[in-house]
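Residue numbers (the numbering used here), protein chains in the order written: chain A, 1 to 624; chain B, 1 to 95; chain C, 1 to 174.
Hints are supplied without guarantee of correctness; some may be wrong.
To be verified - Residues from chain B that keep clear of chain C, each with C-beta distances beyond 10 Å, as calculated:
| # | residue |
| --- | --- |
| 1 | Asp92 |
| 2 | Leu93 |
| 3 | His94 |
Unchecked claim - Residues from chain A shown here face chain B by an in silico Cβ test under 7 Å; the list is partial:
| # | residue |
| --- | --- |
| 4 | Ser599 |
| 5 | Gly600 |
| 6 | Asn601 |
| 7 | Leu602 |
| 8 | His603 |
| 9 | Ala606 |
| 10 | Leu607 |
| 11 | Val610 |
These are calculated hints, taken from the structure and not from any lab test. In this text, all values refer to a predicted model and were calculated from it rather than measured experimentally. Just so you know, even glycine gets a beta-carbon here, dropped at the ideal spot from N, CA and C.
If you want the building blocks of each chain, they are given just below.
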Amino acid sequence: MVLTLIVLLPLAGFFANGLLGDRLGKPFVTVVGCGLPIIAFVLAIKSFLVLLAGGGTPIVETVFTWARIGGQSFDIAFWFDRLSAVMVLIVTGVGSLIHIYSTGYMKQDKSYARFFAYLNLFLFFMLLLVLGRSLLVLFVGWEGVGLASYLLIGFWFEEADNARAGKKAFITNRIGDAGFLLGMFLLFWATGTLDMDRINAAFMSPKAPVVSASLVGILLFIGATGKSAQIPLHVWLPDAMAGPTPVSALIHAATMVTAGVYLVARMSGIYMHAEGASQVVAVIGVATALFAATIAVVQTDIKKVLAYSTISQLGLMFVALGVGAYSVAIFHVTTHAFFKACLFLGAGSVIHALSGEQDVRKMGGLARKIPVTFVTFVVATAAIAGIPPLAGFFSKDEILWFAFASERGGSLLLWAVASFAALLTSFYMFRLVWLTFLGKSRMTPEVEHHVHESPKSMTGVLAVLAALSAVGGFLSLPHFLEPMLPLPAVPEHLHPLETPLLIGSIVIAFAGLAGAAWFFGNGAVRAERMRQRFAGLHRVLAGKYFVDELYERLLGMPLCWISEHVFLRTGDRMLFDGTLHGLAGLARRTAGAFSRVQSGNLHLYALLVVAGIVAGLAWSFRFV
Amino acid sequence: MLLLVAMALFALGLIGVIVRRNLLVMLMCMELMLNGVNLSLVTFAQQTGTTAGAVLVFLIFVVAAAEIAIAIPIVLVLVRQRRTLDADAYTDLHG
Amino acid sequence: MIDSILANLDTALLYVFALSALVGAVLMLVLRHPMQVAMALISTMVSLGVIYGLLGVHFIAAFQVLIYVSAVMVFMVYVIMLLDTRDASFTHRFSLWVLPGVVFGVLLFAVLGYGVVLGVDYVANTPASFGLAQFAAAFLTEYWLQFELTSVLLLVAVVAALAVIKGSKGRQRG
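So that you can see chain A by itself, here it is in the shape it has in the complex:
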C-alpha cells in the first residue's frame, strides 16, 4: 500500500494543480505542489527503514492485473529492493528540494500552476519507472518521463525555438525506444515474462535462455542511449536547456537522464553474461565522456556547459556499467544528483540575479555580490572535479579504479581516456567558476545595477544540496548495494596499484583547478591567446563537432524530401485525391450520359420499352 501511495501522491498533485491551480491561486499550488512530493519522500524513508529491518528482502506490491492475454497475465506491480530504495530516495528527496526551489524561481511566471502540475506529473512517471517490477511498467514510466520532459522543455512554448527543442528531445528519445521495445519483445519471447527479477534469474540460472544476452543487452542499451544522452542520441540534451532551470536540474541532471543507467543496472543479470554488450556500453560511455568534455571547454552559455558536463558524467557512469561495476555506477548517480542539481540551481540563481543573462562572457565579479550562490557553486564544482573529501571524489575514483582493474573489461586504455575526461571536467568546471564569479565584471551597467541575491527558498535549497555534495561520499553505497549487485573481481597482481591510482585521481583534480586558474585568472588573457592560436580547433569544438548539421544532412533533409515528393505530391495528391476526384468525376460523367436518355421524346420511350421487352423475352427463352 505504501509504495502505491508514493507513486500516486504526485499524480494527485498533477490533477489538483492542473485542474484547480489557476483558480485557487499560487499559495494552493505551492502547498500541494511541494507538499505531496515531501510526503512521498517521508513515505520513501519509512519504506527504506522497513526494508533495512527486513534485511534487504524486496517488498512487492501488486496493484492490479492490467491485461490477461492467452495464458499470460500482465500486472501492475511495485518492487522495492536496495536499488529501488536508492533511486526512490534520490527522486523524491532531490525532487522535493527542486520543487521548493521552483517556488522562488518561478514566482513571477504566469503559468505557475501549470509548471507545478507538469513537475508533479514527471515525478509520478519517474517513480513508476524506478518502482516498477516488470519492464512493461518501467516502459510506461519511461515514455511518461519523456512526455513530461517534452512538456517542460517547451514550457515557454510561445517561443518557437523552445517548442522545437521539446520536439527534438521527444523524437530522439523515441528512436532509442525502438531498440528498447525490440529488446523487450526478445526477452518476452525467450523467457515468457517481463518481470525484471524473473528475467535476471532466468539469465543467471545454469540453463541460459535461447536468445543471445548480448543482443538483448545492446537493444536495451540503445534505449538507454536515447534517454541518457549518449552518442549518437545525445543531441537533444543541450537543446533541452531551453526549459526553465529547475527543469534542467531535476530532469536533465538528477533523475530522468539516469533512467538509462538504472535500466542497465537493474538488468545486471543479463549484462553479466553479455560480454559483447558490456564492451559496447563501456566504449560508448567513455567516448561520450571525452566527446562532451571537449565541447564543454569552449561553451559560453552557462547552462550549456553544465549540459555537456552532464553528458560527460553519464558517459562515466556507463563506463562503470560496462566493466561490471553496477553499484559504483549507481553511487555516481547519487553523488551526481547532489552536485549537478546544486550546480544547475546555482546557475539558475546566477541567471535570476542577472535578470536573465546566460552568457558567461557578460558575467564576472559576482563573488562578492551573491555570496551564498558563489559558495555553494564552488563546493559543488569541487565535488564534480573530484577534490577529496567531497562526494564526487569517492564515486569518480571508484569508477576509474574499476575501469583500469576490473576483470570484466577493465584496461589501461579505458582508464587513460576516462582520466583525461576527468581532467577536462575539472578544468572546464573551474573555468566556469572563474568566468562567472571571479575577475573583473564584464556585465552591462543596467544588469550590474540590479544584481541581488536570490530569495531564501532558492538559497536554502542550494545550501542543502551543497552540504550533501560535501558529505555524500561517505554514504558508501557500493557496500550497501553489494548483496544484490556484487562488485567485479580484480586480478591479484593489480591490487597494489590501487593507491597510486587514487593519488593520480587527486592530482588530476587539482591539475584541472590549476589549469583553470592559469588560463582564466587575470582577465582570461592567456585563454584568449590560446583561442586565437587554435582557432580552427576552437571552431570545431564550439560547433559541437557539427553533429546536428550532420544529422540534418543525413536524415533530416532526405526525410523531408521523401515526405514532400513521395508522400505528399505522389501519394496524397495524385493517388488519393486523384482517385477521389476521379471517381466523383466518373460518377458525374456517367450520370450526365444517362440523363440524356430522358429527352421527353415519346417515341424514344416507346422504343426503349420495346427494346426491353425484346431483351426480356429473349432472355426468358433460356429457361424454356
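Could you slot chains B and C onto chain A? The hints should help.
For chains B and C alone, kept in the frame of chain A given last:
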C-alpha cells in the same frame, strides 16, 4: 397461323407508335395493338374450348372503349394549347 | 364433295381475310392523312370481325363491329375531322426513330413467333364447343367480379372525360 397474324398485328401496332408523329395516328396504332391481342385470345379460346378467352376479349372491348373515351379528350385539350398534333412538340418532361 | 369444298372454302376465306387485316395494318403505317389511316384501321377491324365469325364466335364478331368500328372508330373519325391541322406531323410523317423502331418491331415479332412456333399447332377449323348460353352464364357465375368491375370502369371513364373537358373549359374561361 392465326397466332402469327395476331403477333404481326401487335408488332405492327408497336412499330406504328414508334414511327408515326401524329398523335391521333399513334392512338389508332394502339387500337391496332389491342386488336392483335384480341385475335390471339379468341384463337386460344377456340383451341382450348373454354370460355375464359372469350370473356377476356369482351372485357378488353370495354376497356378499349373507356380508354378511347378518355384519351381523345386529353388530346383535344393538349392540342387546344399547343395548336399542333406533332408528338415531338410535347417534350416538356426532358431531364 | 360439297363438304370438302366447304371445308377448303373456310380455310381459304380465313387466309384471305387474315391477309386483308395485315394489309390494312401495313397501310396504317405508311399513309399520310390521318383519315386514310382511320379507313385502313376500319378495314382491318372488319376483317378481324369476319375472322371471328369464321372461327365460330359470332357474338364476339358482332361486338367487334359494334364496339370497335361503330363506337371507337366513329369517335376517332369525328376528332380527325375536328382537328384537321396541316402541321409538321403531316409533312414529316416519320419520327427520328424510324429505322430502330422497325428493326425492333421485327425483332419482337421474331421473338414472339419463335415462342409460338415452339409449342403451338395451327388452328383447327372446328366450331367452338361452347355456346352463347354458356358464355353468358359464365359472366354471371365465374366472372361476375370482373363484370361488376367493368361497370365501375365505365363510370370512371365518364367522370374522367367530364373532368378533362370541364377542367380545360375552366382554364379557357379564366
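Here is how each hint holds up against the structure:
{"no.": "1", "hint": "Asp92", "result": "holds, 17 Å"}
{"no.": "2", "hint": "Leu93", "result": "holds, 17 Å"}
{"no.": "3", "hint": "His94", "result": "holds, 14 Å"}
{"no.": "4", "hint": "Ser599", "result": "holds, 5 Å"}
{"no.": "5", "hint": "Gly600", "result": "holds, 3 Å"}
{"no.": "6", "hint": "Asn601", "result": "holds, 6 Å"}
{"no.": "7", "hint": "Leu602", "result": "holds, 5 Å"}
{"no.": "8", "hint": "His603", "result": "holds, 5 Å"}
{"no.": "9", "hint": "Ala606", "result": "holds, 5 Å"}
{"no.": "10", "hint": "Leu607", "result": "holds, 5 Å"}
{"no.": "11", "hint": "Val610", "result": "holds, 6 Å"}
The structure meets every hint from the earlier list without exception.
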